[in-house]
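**Student:** Sequence:
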Amino acid sequence: MDLGLNGRTALVCSSTGGIGEAIARTLAAEGADTVVCGRRGERAAEIAAQLPSAVGVEADLLADDGPARLYEATTAAFGAPDVLVLNGPGPRPAPASALDATDAEEALDTLLHPHIRLISQVLPGMRERGWGRILAVGSSGIAAPLENLALSNLGRAALAGYLKTLAAEVAADGVTVNLLLPGRIRTARTAALDAANAERSGRTAAEVEQASVASIPARRYGRPEEFAAAAAFLCGAPASYITGTAVRCDGGLVRGL
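Here the sequence shown stands for residues 363 to 619, where the numbers follow the working numbering.
Treat the hints loosely; a few may be bogus.
Unchecked claim - The list that follows gives simulated cross-link-like pairs (lysine to aspartate or glutamate, DMTMM-like), each with its CA atoms no further than 25 Å apart:
id : residue 1 : residue 2
1  : Lys526    : Glu468
2  : Lys526    : Glu571
3  : Lys526    : Asp471
4  : Lys526    : Glu569
These are computed hints drawn from the structure, not numbers from a lab. Nothing here was measured: the structure is a model prediction, and the numbers come from that model.
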């Protein structure tokens, strides 16, 4: 299938590892001019050097001027973004009963505000050109809130509500807005969560993983490349009539429709 991404500019946030890196590599393989970015500038440059048409940019989206600087670096390299993949590290584990208002602000500052700032940079150009793709890497916690990840559940749900509202406003302009929700994808973040769970429960990390695998109908963790393939489709031309939705790539983990 031709995804129609050849010559498009794709900006993939937090793409120096894990799911973000896999998405950047897949979009580049589909012909997109790709911006690889993250706080590890050397790693971003290293990945970009391995791709057909890419640049690496050091960027901290949590800094007040981070989104604007990243947008400027993208346009300087390839022109205004046609594809924006929102991605970022999740906040620390915590139970809901332990949170206060300051913690809630932390969740929004991490998972909502930077993404809104970046969208405000790229959206006018997308609407003017009549083509754009905004895809957010979310979490299965949007569909079924995850135990001990109250900050993630809160922040990602807020972003999902914003994106759903935005999708209806820009659909007629040729811009799609979607979420792609991972389940247990084998990444460093998943390993860290398993380790924290193990320490909290008195089990080994292997025992925690075994229990997680048993809860997944596919009976395994997903691979970043599998998730990236779904992301590339949603960023492509054939997905032009898919917008305002959350698609799960989780091996059947969430049992609801």
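**Student:** Sort out which numbered hints this structure fails and list those numbers smallest first.
**Tutor:** Hints 2, 4 contradicted; others consistent.
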